[in-house]
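Protein chains in written order, with the working numbering: chain A, 1 to 696; chain B, 1 to 385.
Calculated from the structure, these hints are not laboratory results.
One or more of the hints may lead you astray.
To be verified - Reference excerpt, derived from the structure (chain B facing chain A, CB under 8 Å, subset only):
1. D93
2. G145
3. H329
4. W368
C-beta atoms are modelled at their ideal positions from N, C-alpha and C, and glycine is treated no differently.
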Amino acid sequence: MQDYPDDVPGDAPVPLSQEADFRLTRLQHVFKRDEWWSALIEIEGSIDAFIANAMERGLGTRAPNLPPIPDDEVQFLVPVAYGAKERAITRDDQPVSIFARKSTLDRLNVRPERGETANRWRVQSLVLGGIIDQEMLDFDAQWPNTEPHPPVDDTATVMAVVDDGIAIAHNLFRDGAVSSRVAYAAILGARPLPQDPDSTAGRVLHKPAIDALLSDCTFDGLLDEDMFYARTGQVDFFHQVFSTVALRSSHGSHVMGLAAGQLMDASGPDRPIICAALPSRLVEDTSGVELLPSFYLSFQMLVNEARRFRTANGDLAKVVFNLSYGNSGGPHDGTGLFARLFEHYFGPGAVTTSEQQKTWLTLPAGNANLSRLHGVARAGDTETTFNLSVLPDDRTSGLVQIWMPYAGTHPSEAVIEVTSPTRETHQVFTTGTPSARFNDPDGKEIARLSYAFSSGRIQRGLAQLSISPTASIDQSEPVAPSGIWTIRILREADAENQIELWVRRDETLPGLRPGGKQAFFDNPCYERFGKYGEPLRTDPPNSDCPVTRAGTLSGFACGDSPVVVAAYTARTSELSAYSASGPCNRPSSTFGSDRDGPDLTAEGDESVFLGGVLSAGSRSGTLVRRSGTSSAAPRMARAAGVAIHAFSGSGRDWAADPVSYVPGMKKLAPDTAPDPTQSGSGKYRYAVDVSRIKFR
Amino acid sequence: MANPESAYSAYSAYSAYSAYSAYSAYSAYSAYGREAPVDALALMTNRDGIVGATIDKITHPNPAPPNDPNALKRLSTDVQTALYMSELAPTVDVTAQCEGGTPGVTVWRRDGISAGGKAPKFSEMMEMTAPTIDQLADQMNYLEGYSQIRGDRAAEILGQISLPIPFFATIGYMDPSRTPRTLELLNAATMFSFTVIQRTKFALAVKRPIEFSPQVQPMIPTPTHASLPSGHATEAFLIARILWKLLRESQAPQYTDDAYWGEMLMRQASRVAINRTVAGVHFPVDSAAGALLGLTLAEHIHDVADGCGWTSSVFDGTSFNSESDFEWHALYRPDGDRIRKKIESGGTHWGSSKKHDHDGTSAAMLNWLWKQAVAEWRDLPASQD
């Protein structure tokens with residue numbers, strides 16, 4: 001039984017990314033001035049060829065190696081972090097983080113012709129990031145400096161941190177009153193300065209500039225940090241630039257304190273710091289935000305900078321990256337765009353390989369274990385129903401991803417049917433029907449059910465349900481009904497492998513006034529509590545409920561190479577209840593990973609009631625308490641900074657048995673068998689001695 | 001007939017009650033600055049019992065030293081405050097003017113301690129002009145931005161609605177038993193500054209942020225008086241500078257080695273001032289004007305009390321770069337305890353100051369108070385064995 005075919009009017013082209021199209025067509029973006037957005041595109045061929053082709057087709061851009069054009073003719077920008085040499089490299093598919101006007105994105109976001117792998121812009125896939133104010137962009141950015149730094153110790157490890165508000169002036173990141181250990185800080189949300197032209201977005205501070213600011217802002221022996229962060233551009237209230245360093249407790253400061261914090265007068269190991277602080281939200285965007293383009297750009301910048309560090313004998317210094325972010329979207333099998341990020345930069349086929357730089361990456365396992373964001377339609381079940389609870393007064397859009405099994409050997413068909421709270425029903429079929437729209441009584445779209453096949457490395461069908469906010473203070477904006485949206489998956493009885501569903505975690509960037517409410521699966525069969533009223537940390541044995549805790553591992557963390565860290569509670573030595581678990585989504589394509597869950601587990605909480613662990617607050621001389629696998633991962637990054645010298649294999653191999661390479665690291669309950677989907681090779685204690693404050 | 005036991009327990013309940021009220025009467029009586037009489041009826045009946053016949057030969061007391069500051073320590077705090085006010089209040093006058101549509105106000109300083117009944121002469125001590133509506137509208141961006149940290153600052157803001165003495169007491173070790181004169185001095189200083197602040201606000205009539213937008217929605221009620229100068233900023237910098245002066249003059253080693261105590265006191269004052277912008281009741285430029293006024297009045301009070309010289313200052317609100325935030329370092333250096341001669345920030349020059357020598361004698365009572373206050377910060381000499 002076919003439902004209506006996609007009701008895109010006339011011969012409007014089918015979007016490459018339905019989710020991007022959904023967001024770009026929300027009312028607030030349709031009538032605004034042609035705003036700038038961040039986006040991540042996969043292109044075919046070289047960046048130079050992409051640019052040349054786009055220019056030929058009428059899209060203007062600026063770059064140091066292109067003839068200048070007037071500002072108002074600039075339609076897109078490829079950040080200067082992609083240097084001249086790199087732009088010439090041809091690849092079958094390469095992810096590139098760009099900035100582009102809405103009108104340009106509308107043009108790029110078109111599905112390839114049948115039989116083609118890329119559209120006429122050479123674009124294979126597109127992920128929409130977030131709006132960026134044009135004032136944050138430097139059209140005249142120049143190529144970044146690639147000259148080597150003075151040599152570092154043989155035992156040095158460059159610690160690279162990507163996060164939100166990072167208090168780079170905290171005493172834990174200084175080795176003298178006016179001497180920073182931060183060699184490089186990319187403040188992606190700051191307004192560019194004419195005297196620092198080496199970044200397309202935001203501002204880059206190198207150590208000399210940081211030290212000069214430390215000097216300028218120190219009076220009578222005390223550093224005025226409010227002034228410092230105003231001068232770095234991290235906090236600029238006049239221009240509505242916000243960073244969580246304006247608050248007492250900031251995620252990035254806490255993470256970096258654990259990963260690389262050292263007491264100022266400690267003679268600790270050489271740990272130069274390079275970091276990227278993600279941009280804050282400038283404009284209230286209720287269509288939601290995706291951080292992937294910012295992650296790629298951050299990595300691009302930090303990888304380039306890391307290559308400037310060499311030891312005295314000329315070898316590239318070793319690097320540990322920590323990215324304490326998780327998400328719930330993606331195929332969860334190692335083929336997703338984020339999972340590929342590490343391979344793209346550090347794998348055998350990495351773009352910048354003239355010389356390999358030994359690099360490990362630590363990631364959090366994610367905190368969605370109990371969030372009811374994950375469901376499965378099992379093989380053998382002809383009909384599976386999910387009650388998606390969409391909350392009232394939810395000011396941001398919601399998204400559910402429904403991933404079909406790997407199409408390789410056993411293609412699996414299905415019908416996905418969605419019924420709104422107002423009893424309107426639409427279906428999409430894996431055999432056709434790109435999309436179906438839910439409209440409000442005035443005929444305006446308020447939800448979209450779409451289906452497309454993700455070719456390339458993923459080789460899975462993806463159905464998506466995008467739902468508009470359920471409330472808006474703008475009375476002309478169409479809103480979706482709140483309540484239960486029923487998702488029914490219909491399959492043949494002999495269909496193989498599971499269909500996996502994930503509700504997107506409402507991403508929030510610092511500065512966004514909270515307005516989103518997390519939608520979740522509210523199936524009656526889901527048992528939340530045990531017989532004593534305690535939240536159940538694992539699915540009850542033999543449960544056939546389609547909503548599961550298993551499979552909540554962060555979508556970012558499903559690749560082969562990163563060290564994925566779960567969290568335990570010190571007092572009980574048990575996994576923290578929120579710590580997400582595997583397995584990953586198998587079978588998958590040959591590009592998929594062999595991961596089952598986290599690699600190892602570190603402290604995330606002191607006790608059930610004293611959650612979190614202590615690390616740097618936003619101001620010198622302060623410590624704050626924060627919880628989550630975001631706090632567990634950087635502790636292992638710190639350990640990795642030691643192990644990466646002694647251990648010759650990959651980070652993941654090290655994590656299988658980490659203790660012997662890190663003095664002071666201890667395994668808890670060493671005789672317990674490892675649990676690959678829950679705690680990896682086990683739980684490890686590793687002290688981070690930043691919990692002493694010294695006055696003067 | 002009442003049960004003997006219940007009569008007993010009623011009696012003990014009564015005595016417990018009167019014991020309690022006697023205790024509270026005692027503690028009320030000994031509480032700092034309060035007077036609570038013991039029950040007059042009790043005193044009357046008590047007198048009847050013990051007065052006896054009039055004593056025949058009785059020695060007269062000596063006369064008290066008149067107008068002698070030495071007697072101040074025997075006065076209750078309210079009375080002391082009134083006396084300090086009587087010395088301070090006549091040392092200033094305030095006039096308002098409006099030139100070319102720009103409101104201005106001048107705080108004048110009387111030359112010499114007392115006019116002795118003759119017509120006094122005054123010099124300009126602080127001149128302020130108001131920023132324009134356009135500048136204030138521009139500064140609304142700060143209200144918007146700072147509102148994002150209201151949650152973080154809420155407890156402080158509520159605790160700083162009243163005088164922020166408890167916050168300064170975490171830096172300068174103050175307590176009614178330990179530093180009663182210092183607290184009395186600060187009380188007199190802030191009480192004196194209150195009328196000056198209100199007069200200057202009234203003269204300039206700068207509107208509050210709440211009048212510029214329905215989206216400010218301050219987290220505390222907006223006071224009814226005008227916005228600039230900020231009273232909180234004035235008081236906070238006044239308190240901070242007087243404390244710093246006392247610390248320096250005490251010559252205790254920790255206060256004279258570098259100026260980090262002064263730096264910390266000023267950081268505290270700045271925090272109080274900026275919290276008002278977070279709360280949504282002040283513009284950053286209000287804090288700039290208030291800080292300069294507070295620092296100037298601190299020097300004035302010090303000169304009246306102890307003859308150290310005084311500073312005149314100018315605040316030109318029309319020159320303040322409306323894109324700038326309030327940064328106290330532009331105004332004052334704790335090291336050397338001086339207001340900067342040229343005050344600029346955000347690329348514009350919006351203030352200035354000039355030092356003047358002391359003229360005339362110090363006010364006797366304030367001088368006594370000042371010296372007593374300084375002594376509270378000196379290390380105690382060891383007692384002889």
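| Hints broken by the structure, by number, lowest first? | 1 and 4
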